[in-house]
Amino acid sequence: MKTFRMITVLSALVLAPLTHAAETKDSAASAMAAAQSAWDEAAKLGYWWLTTERVMKESKKQFEAGQYDEAKALADEAVLLSKATLAQAKRESETWQARMPR
Amino acid sequence: MTITTRQLLGGVVGLVAAATSFAGPEEDRKAFQSFYFDRFPQVTDHADFKNGVYSILPEARVQWEQIEEFPPYELAIEEGQALFEKPFANGKSLADCFPNGGIGIRQNYPYFDTARGEVVTLELAINECRTTNGEKPYPWKKGPLASVSSYMAYTSRDAMIDVKIPDDPRALAAYEDGKMHYFTKRGQLNFACSDCHMYGSGQNLRSETLSMSYGHTTGFPVYRAKWQEMGTLHRRLAGCHESVRAKAFKAQGPEYRNLEYFLAYMSSGLEINGPSARK
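Same order as they appear, the protein sequences are chains A and B. Here the first sequence is numbered in the working numbering, starting from 1 and rising by one per residue. Here the second sequence is numbered in the working numbering, starting from 1 and rising by one per residue.
This is chain B alone, in the form it adopts within the complex (with noise of 0.2 Å):
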């Protein structure tokens, strides 16, 4: 039996196809900060991707900063920390379920909870605490669930994200599932979500400038001129999902509880800067 060249390579492909598909999530994650460097070498300064797409559009940056200077989530930030010390019937406040007293922990999140084996986000973590304490959950998307979130965010401006996957297949089986996620093509346009915010990133759609999935959750929750108001991240995905034509999932249900723990694994080592104003 002799072997062809073409088989030979066939081999060799497939081996390669192999190896680069099992890549784990460390190799990913420099795979996909590296692409962001490659695309956008203006951007000398790494750590400013956490800007969004201000990192690269010079003018748009001017007016953004602007707006930063008399913020429109700093209400949110008011009710949010109002709602946050507010104890709950039982005497307990929010700062009783999380670490450090809920201050300065937004970085941490999402983790994946090897007890329970499942990602949890901040979101997620905020409304558990309230309906385990016998108070009634926020809405998932706006209002006052997005006013905590953007408090707890505030109190952690500056510290680097720093997301884990611990040695649990079932971690990686999340990550790899928000992975799958991001890169399928989804609704009748037929668009990934790394179709726009990788490969298209830059590019105009419309009267806008797509942005870049690195250093995506950093600033969520965000006031978004389009809402008139605040929002969470998973409300935005939802949004993203139904522009191009496909059915939103739940806030807060596997899928986008994946996505993101995908997308900030991605933006691990940038500082969150959230709660942040958005178009």
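Bound-form chain A, shown alone (with noise of 0.2 Å):
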């Protein structure tokens, strides 16, 4: 009954990193799907902004290099810069013409 404690204890330890590093991946794969999701919206409406397409390619990089906690951080900042965006493009539709000299 000990041995198999042990066991059991043992393979915790060892598959825990494992298991953690997989749904890092996943999370960090998912949270870029979601920030070219945003990026792709506000691009249709003719805005994007440099800073995000860098963060954006950033995170791909971190990525590929298997850092995925900095992936996920740098997508998620990007989503948020797409959000921004979004907001530049609809507060603009609406008010771009007061800006024109009468």
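Rather than coming from a laboratory, the hints here were simulated on the basis of the structure. We put the beta carbon where it would ideally sit given N, CA and C, even for glycine. Watch out, some of these pointers could steer you wrong.
Said to hold, decoys possible - Listed next, with one range per pair, are the computed distances between beta-carbon atoms:
#: 1; chain 1: A; residue 1: Lys25; chain 2: B; residue 2: Leu205; range: 41 to 51 Å
#: 2; chain 1: A; residue 1: Lys61; chain 2: B; residue 2: Leu189; range: 20 to 30 Å
#: 3; chain 1: A; residue 1: Leu80; chain 2: B; residue 2: Arg157; range: 46 to 56 Å
#: 4; chain 1: B; residue 1: Asn100; chain 2: A; residue 2: Ser93; range: 38 to 48 Å
#: 5; chain 1: A; residue 1: Lys44; chain 2: B; residue 2: Leu205; range: 24 to 34 Å
#: 6; chain 1: B; residue 1: Lys279; chain 2: A; residue 2: Gln97; range: 26 to 36 Å
#: 7; chain 1: B; residue 1: Leu189; chain 2: A; residue 2: Ile7; range: 58 to 68 Å
#: 8; chain 1: A; residue 1: Gly46; chain 2: B; residue 2: Pro41; range: 32 to 42 Å
#: 9; chain 1: A; residue 1: Asp69; chain 2: B; residue 2: Ala173; range: 46 to 56 Å
#: 10; chain 1: B; residue 1: Arg157; chain 2: A; residue 2: Lys44; range: 37 to 47 Å
#: 11; chain 1: A; residue 1: Asp40; chain 2: B; residue 2: Pro99; range: 36 to 46 Å
#: 12; chain 1: A; residue 1: Lys44; chain 2: B; residue 2: Gln188; range: 14 to 24 Å
#: 13; chain 1: B; residue 1: Asn90; chain 2: A; residue 2: Ser93; range: 46 to 56 Å
Hints are included, so try docking the two chains, each in its own frame, into the full complex.
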């Protein structure tokens, strides 16, 4: 019984990091897909920020290097930037004419 | 049912706003030019706006005029002329694609091609002439295209910009698209072209004075000290977009062609003085 317990504990210790790595990889991939989707939505309106593109490229680079936590954090930042871009697009579609000289 | 004063006022404001927002290109142009005339009363000869920021900066103008005595774009004009006159493999040349053999026509570009339903810029027409005749197109922003365009602008010096908006709803739509682009804030820094080059014109941004959009298109292509070479208008537009942290649109894509259409129409009546030199 003692041996069985010991094997269970050791297995958990060995497998836990692997499971975590798989989870963070999936999580990063999912965040990157969300970032791409938000970018596409803003780009469809003719709005795209250089900053967002750079953050997305860096996210991809980190993902390819196996740095999934960093990749996810950057992808999350890209989503926020694209949301801000969309807000800009919406506001500008309603207000740009106010800037015309009278 | 009674109409309150507030409702009445609201209606009047709405009508005025609607009338203003549907002002035609000619009204837009007058308001646009008047803005600069009022902002820079020291420029008594309005034709001088063709010289860009140098029309309001006397000291910088002296330096610029000295540069113009031995202009850095001279080699581009020479190269452009050679390329312009060089026959294609089929024996034709660029001159065969343009009215008046391509000489003295810069002021008519961009124009709205009603057959195609889109704005055609001089640079687009040059490259389309090449591809139609079996030649490879030039890169859009610099190099040979800027040189050929420089030569064609040089042959058009002193001719007044004469951009027209034909009676075609698609032409008006292209103009309106360019106008919207000009007044719309973009990029992470949240700037519109008009923020810097209209309401900020004449003010300093770091060490430089912001130029006026009235007269922006007259001097292109330009030799820019920052580039240390020639560049087309669309190269400059891309640079402006990137400065406000917006991703630039493709040179000669519909966005920049429509924007150029709007800008050139706003500068109607000013003389072509391209190619030119800028910081």
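Handout entry: Consistency of beta-carbon spacing, leucine 205 of chain B to lysine 44 of chain A, with hint 24 to 34 Å
Key = Cβ of lysine 44 of chain A to Cβ of leucine 205 of chain B: about 31 Å, so the range 24 to 34 Å holds.
Problem - Assessment of proposed distance window 26 to 36 Å (beta carbons of lysine 279 of chain B, glutamine 97 of chain A) - result: holds (32 Å)
Handout entry: C-beta pair arginine 157 of chain B, lysine 44 of chain A: status relative to the range 37 to 47 Å that was hinted
Key = holds (42 Å)
Problem - Verdict for asparagine 90 of chain B, serine 93 of chain A (Cβ pair) under range 46 to 56 Å - result: At roughly 48 Å between Cβ atoms, serine 93 of chain A and asparagine 90 of chain B fall inside 46 to 56 Å, so the hint holds.
Exercise for the section: With 46 to 56 Å as the target window, see if leucine 80 of chain A and arginine 157 of chain B comply at their CB atoms. Expected result: holds (50 Å)
Practice task
Note whether the CB distance of lysine 25 of chain A and leucine 205 of chain B lies within 41 to 51 Å or breaks it.
Solution key: At roughly 45 Å between Cβ atoms, leucine 205 of chain B and lysine 25 of chain A fall inside 41 to 51 Å, so the hint holds.
Practice task
Just tell me: holds or violated, for the beta carbon distance of leucine 189 of chain B and isoleucine 7 of chain A against 58 to 68 Å?
Solution key: At roughly 60 Å between Cβ atoms, isoleucine 7 of chain A and leucine 189 of chain B fall inside 58 to 68 Å, so the hint holds.
Problem - Supplied distance hint 36 to 46 Å, evaluated on CB atoms of aspartate 40 of chain A and proline 99 of chain B - result: The hint (36 to 46 Å, Cβ to Cβ) holds, given that aspartate 40 of chain A and proline 99 of chain B are roughly 42 Å apart.
Handout entry: Cβ distance range 38 to 48 Å for asparagine 100 of chain B and serine 93 of chain A, holds or violated
Key = Given a distance of about 42 Å, which is inside 38 to 48 Å, the answer is holds.
Handout entry: Consistency of beta-carbon spacing, leucine 189 of chain B to lysine 61 of chain A, with hint 20 to 30 Å
Key = Since the Cβ atoms of lysine 61 of chain A and leucine 189 of chain B sit about 25 Å apart, the hinted range of 20 to 30 Å holds.
Problem - Range hint 46 to 56 Å (beta carbons of aspartate 69 of chain A and alanine 173 of chain B) holds or violated - result: At 48 Å between Cβs, range holds.
Handout entry: Status of the given 14 to 24 Å range, CB of glutamine 188 of chain B versus CB of lysine 44 of chain A
Key = holds (18 Å)
Going through the hint list in order, the structure satisfies each hint without exception.
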